[in-house]
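Protein sequences appear in the order of chains B and Z.
The first sequence begins at 1 in our numbering and counts up by one.
The second sequence begins at 284 in our numbering and counts up by one.
Calculated from the structure, these hints are not laboratory results.
We put the beta carbon where it would ideally sit given N, CA and C, even for glycine.
Just to be clear, a hint being listed does not mean it is correct.
[As the list claims (entries may be wrong)] Residues from chain B that face chain Z, not an exhaustive set, calculated with beta carbons under 7 Å:
| hint | residue |
| --- | --- |
| 1 | ILE25 |
| 2 | LEU41 |
| 3 | LYS44 |
| 4 | GLN65 |
| 5 | SER67 |
| 6 | PRO144 |
| 7 | MET221 |
| 8 | GLY224 |
| 9 | THR226 |
| 10 | GLN229 |
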Amino acid sequence: MARSRTRKRGAVRPTPVWQRSSTLIGGAVAIVIIAVVAFLLVSKGHNGGVPTGPASASVVKAVTQPSASVLSSVGTASYENPLTPLTSAPALTGSGGKPEVLYVGAEYCPYCAAERWSLIMALGRFGTFSNLHYSASSSSDVYPNTPTFTFHGSSYSSRYVDFVPVETTTRDPNQALETPTAQQQQLLQQYDTQPYTSGGIPFIDIANRYVTAGAGYDPQMLSGLTHEQIARKLRNPNDPLTRGIVANANYLTAAICETTHDRPASVCQSPPVSRIQPKLGGR
Amino acid sequence: MRATERPGSGLGIRRLIAEEKALASMFVMALAGFGISVYLTVVHYAHVPLVCTTGGVVSCAAVTSSPYSVVPGTSVPITIPGMLWFVIVGVLATIGLRSAYHGKPEPGWLRPTCALWGLAGLVVVLGLVYAEIVLLHRICEWCTAVHALTLLVFLTALGRLGREEAAQE
């Protein structure tokens with residue numbers, strides 16, 4: 001008689017281990033734990049992709065020598081004037097006797113990160129920067145890792161203005177870098193407050209003729225971009241980021257022209273600047 | 284013998300929740316995850332501060348204003364796909380609960396679909412956790428809550444899938 005091949009009634013085949021709920025769940029939890037531990041280990045040697053090192057010549061050129069058509073086309077791009085005129089302050093001059101542009105900021109600061117692009121663009125029209133280095137704002141503040149430069153270690157030469165930057169801290173706000181002088185502290189206390197500014201950094205004093213604090217445009221627009229990408233965008237006057245950087249730079253340029261007696265003429269008599277100057281106030 | 288085995292019978296709500304704990308849990312988690320995602324989305328567009336402790340490794344502002352808080356290549360906050368993900372989870376859980384309520388077997392595709400959908404969510408969550416830990420060195424409490432809910436949904440779906448495999452033996 002052939003042996004029955006049917007399963008005996010009542011017999012239960014045990015579930016394979018890999019099919020059991022507990023195995024599936026345990027396996028998934030183990031994979032997640034391993035992944036998170038791996039991330040923690042990798043993060044120790046990872047700086048978040050923050051660029052450092054000397055700024056490339058092409059990027060510096062793109063920022064300091066923007067196209068005249070882009071500058072003119074953007075104008076003020078419907079951005080409000082960020083500058084407050086100082087009507088009775090004594091002139092601020094640098095060690096070379098020229099009008100001084102004072103910048104006080106910090107490497108961690110995302111608003112400083114944004115403002116530096118415009119300030120470098122404006123000052124680039126009056127002189128030459130050297131030794132600019134890439135940087136980014138703090139990874140733990142708002143707008144983390146905003147791509148920018150640092151003025152620490154850089155130099156600037158110009159026939160028309162003296163530029164004095166003070167980066168007070170590194171990307172770590174608890175690590176001091178440069179200390180404002182007593183005179184700079186006094187200017188901060190006197191003018192980096194109401195009714196002149198809303199206070200805080202970045203603080204820019206243009207020869208005690210105009211002051212401003214904060215970023216002239218939204219730092220969010222720089223988020224996720226490389227320096228090279230930002231430099232390429234500066235060719236397009238319709239790009240929102242370009243319009244922010246350039247409009248802000250045009251205001252700063254016009255203010256600097258007010259202190260240099262409209263020199264150089266090629267800059268101060270150019271269409272966007274000559275249109276903006278009457279709007280600055282304080283004349 | 285379960286009441287659902289009687290054709291045409293259904294379960295009361297309380298008994299439904301008691302007997303279909305996994306599906307009910309998934310539904311509740313979907314609601315919670317959807318709610319948090321809505322909050323994060325509103326905060327993103329309104330530019331208001333998050334209710335979040337800040338200190339040391341925790342910085343909601345740093346995470347939610349980072350480039351990793353939006354869908355790559357767009358300006359759409361990642362919380363919007365997250366909201367949709369939780370909506371789908373809620374829908375899937377509802378399909379199962381509805382079947383049980385009416386005393387009908389749930390569709391055969393439901394459990395594998397829940398598991399796969401949960402896996403998809405978990406993969407995205409692991410990417411976001413990578414961004415937080417490795418790239419930003421910061422975590423956001425609200426984001427972590429959403430990530431935990433996503434993981435729990437996946438584990439619950441996986442558990443149901445495992446029980447289904449066992450039941451078929």
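Going down the list of hints, with the structure as the test:
1. ILE25: Holds, because the Cβ-Cβ distance from B:ILE25 to chain Z comes to roughly 5 Å (cut-off 7 Å).
2. LEU41: violated, 9 Å
3. LYS44: violated, 9 Å
4. GLN65: violated, 28 Å
5. SER67: violated, 27 Å
6. PRO144: Hint on B:PRO144: holds, closest Cβ of chain Z at ~5 Å, below 7 Å.
7. MET221: B:MET221 check fails; min Cβ-Cβ to chain Z is 10 Å, beyond 7 Å.
8. GLY224: holds, 3 Å
9. THR226: violated, 11 Å
10. GLN229: Violated: closest Cβ of chain Z sits about 12 Å from B:GLN229, beyond 7 Å.
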